Amino acid sequence: MTSIIKPAKTASFGTTNAVFIARSIRHSVRNTEALVMAIALPIMLMLLFTYVFGGAIDHGGHYVNYVVPGIILLCAGFGSSSTAVDVAGDMTNGIIDRFRTMPIRSMNVIVGHVIASLVRNLVATAIVIGVALLVGFRTSAGIMEWLGAVGVITLFILAFTWLYAAIGLVAGSPSAASGYGFALLFLPYLSSAFVPTHTMPAWLRGVADNQPITPVIETIRRLLTGTPIQDAAWWAVGWCMLILLASCVWASLMFDRKAGRR
Amino acid sequence: MMNVAVEMKGLRKAFGDHVVLDGIDLSVPSGAIFALLGPNGAGKTTLIHILSTLVAPDAGTARVAGYDIITDKEGVKRSISLTGQFAAVDEVLTAEENLRMMGRLSGLTAVDARTRATELLESFDLAAAARQRVRTYSGGMRRRLDLALSLVVSRPILFLDEPTTGLDTQSRRALWNTIRQLAAKGVTVFLTTQYLEEADQLADAIAVIAGGRVVAQGTADQLKSRIGGEVVELRDENDEIIREIPTGGGIRDVKMTIDELVRTAPEGSRVNIRRPSLDDVFVALTTKEVEGSAI
Ligand SMILES: Nc1ncnc2c1ncn2[C@@H]1O[C@H](COP(=O)(O)OP(=O)(O)OP(=O)(O)O)[C@@H](O)[C@H]1O
Ligand SMILES: [Mg+2]
Chain A
1 MTSIIKPAKT ASFGTTNAVF IARSIRHSVR NTEALVMAIA LPIMLMLLFT
51 YVFGGAIDHG GHYVNYVVPG IILLCAGFGS SSTAVDVAGD MTNGIIDRFR
101 TMPIRSMNVI VGHVIASLVR NLVATAIVIG VALLVGFRTS AGIMEWLGAV
151 GVITLFILAF TWLYAAIGLV AGSPSAASGY GFALLFLPYL SSAFVPTHTM
201 PAWLRGVADN QPITPVIETI RRLLTGTPIQ DAAWWAVGWC MLILLASCVW
251 ASLMFDRKAG RR
Chain B
263 MMNVAVEMKG LRKAFGDHVV LDGIDLSVPS GAIFALLGPN GAGKTTLIHI
313 LSTLVAPDAG TARVAGYDII TDKEGVKRSI SLTGQFAAVD EVLTAEENLR
363 MMGRLSGLTA VDARTRATEL LESFDLAAAA RQRVRTYSGG MRRRLDLALS
413 LVVSRPILFL DEPTTGLDTQ SRRALWNTIR QLAAKGVTVF LTTQYLEEAD
463 QLADAIAVIA GGRVVAQGTA DQLKSRIGGE VVELRDENDE IIREIPTGGG
513 IRDVKMTIDE LVRTAPEGSR VNIRRPSLDD VFVALTTKEV EGSAI
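Keeping their order, the protein sequence lines are chains A and B. Counting from 1, one number per residue, gives the positions in the first sequence under our numbering. Counting from 263, one number per residue, gives the positions in the second sequence under our numbering.
I should point out that these hints are in silico values taken from the structure, not numbers from a laboratory. All of these numbers come straight from a predicted model, not from anything done at the bench. Beta carbons are placed, not taken as given, at the ideal position from N, Cα and C, and that holds for glycine. Heads up, a few of these hints could be off.
[Claimed, not checked] Among the chain B residues that face chain A by a calculated CB cut under 7 Å, a handful are: (1) S314; (2) G328; (3) I332; (4) K335; (5) K339; (6) D352; (7) V354; (8) V373; (9) R376; (10) G491.
The shape of chain A in the complex, shown without the other chains (with noise of 0.2 Å):
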């Protein structure tokens, strides 16, 4: 009972976070796929919409500058949609059972899919944004406006991520959550995202207004266009914080429940 029989140093929670997020991010690195599809598919989104439906969406051709948004959340959703197969995976893995019989804060191995998703998913952000200057996007937004809309954006990035996740401790296989985490990329079509929702019907107007994606778009939206906010922000930060909260309380319910069962 010599030097062995010591207790054990742990690691801080500093660092339990930053090997987690350095672990996750290797990760994203590696998936050659998602990465290209997480680079691509902004570039395509923003041809597609500019080129193709922005004609006849509005001839004026200002659907640019209106549609830029949008395309901002499609992407992220999509982006953080990938955190559900990525916690799956690790829930399905025999290294989960490694971690949790460790002196660590377990999970913080999702905190550290959470984090590497808000980096693409900011990274993807700014590939819209570059193209989209490319393609016309003018905005009058100074940097107080940018900040805000970046943090509108962040916000929601971290909201839908810690859904996904959620999503992905509940689903039983990685293409199980992959699955259910299909359903909600649906959202921004049905949203002022693409369309003002003054052009639908009255029954699809009702669900475009009170559902989360209309006022967060809204909000970037006139951030970039310098229109009066009102209280739309309140509206997307009051949405983002409700569905972030709910989804880390519902993703440590689930983790704690999933100990010792895979």
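With chain A fixed as given, assemble chain B with the ligands onto it according to the hints.
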């Protein structure tokens, strides 16, 4: 001073109607190599999961390194290291990255984690493949990495669930040496195995579980003496074993058994007399239990 490393009383666990552990009482002294034997489905993995806080028992109590497995999970986690039955490695990372990650998570500095990773890659014969992603590894390489990951830092108690399954003879012997060295340093090793020879070679104490209960416990020699004396093997002309007959061990017992064989054995067969092995004990114990529970 802690004399008992692992102690359990009345552990029970059922999955639905299926009772897997039906009151397990065992005690493992500090610094010992303890082998848990049992047929497939006996509940060895379940017991290790309970002791390593992954699964909660339905009833009973257990202490690992003096910490209660239910009320002091953190204490238990600080004292153990686990290699489960199935590889628990990150397939996307390389072996080196896996080891360094585990080192950092175990509280080593980045420099120490790197040094330790290099040492372990060397001693588990993985240095040549250290920079390859684990996805490309063979089963045995994966298993060696899995074991190395549990040894990044020395915890007082090491759980190994069928550690040598899937390893070639050379790697198996190397692991046995590693286990002996750890035990010599004071680490308590709690392992399960399907290879009786392994328990015979390594273990200071052995327990056999079957039908949810401990059916035998002791040193290898104590267990062997439980089934009596010499075993008479009957072999055919190609030296293949036809029957193995346990005897009382006395001259008279052996002679009577052989007399019987003289009358009944086929022409050209031979006999061989040997000490009973742990396999004989295992077969005797676990088949008795199965017959017993069928009634
Ligand atoms: N999560 C679970 N849900 C339902 N049944 C389970 C679960 N885990 C284990 N079992 C059952 O418990 C029994 C014991 O399983 P366990 O894995 O502990 O056996 P074992 O002794 O390790 O077997 P082996 O030698 O094959 O590894 C088996 O019948 C198994 O089907
Ligand atoms: Mg097992």
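(message) Hint B:V373 vs chain A: min CB-CB distance below 7 Å?
(response) 13 Å, violated
(request) Answer holds if the nearest beta-carbon of chain A is closer than 7 Å to that of B:R376; otherwise answer violated. (result) 13 Å, violated
(request) Classify the hint on B:G328 as holds or violated, based on whether any CB of chain A lies nearer than 7 Å to its CB. (result) Violated - the Cβ of B:G328 stays beyond 7 Å from chain A, reaching only about 11 Å at its closest.
(request) Classify the hint on B:G491 as holds or violated, based on whether any CB of chain A lies nearer than 7 Å to its CB. (result) This hint is violated: B:G491 lies away from chain A, its Cβ roughly 40 Å from the closest one there, beyond 7 Å.
(request) Have a go at the B:K339 hint: is there a Cβ in chain A nearer than 7 Å to its own Cβ? (result) OK, holds: B:K339 within 7 Å of chain A, min 4 Å.
(request) Under 7 Å, Cβ to Cβ, is where B:I332 needs to be relative to chain A, so tell me if that hint holds or is violated. (result) With Cβ-Cβ at 13 Å, over 7 Å, it is violated.
(request) So, B:D352 near chain A? Judge it on the closest CB pair being under 7 Å. (result) 6 Å, holds
(request) Against chain A, run the beta carbon of B:K335 and see if the smallest gap drops under 7 Å. (result) Hint on B:K335: violated, closest Cβ of chain A at ~9 Å, above 7 Å.
(message) Quick check on the hint: B:V354 CB to chain A CB, less than 7 Å?
(response) 5 Å, holds
(message) Quick check on B:S314 please, does its C-beta sit within 7 Å of some C-beta on chain A?
(response) 5 Å, holds
Violated hints, in rising order: 2, 3, 4, 8, 9 and 10; the structure is consistent with all others.
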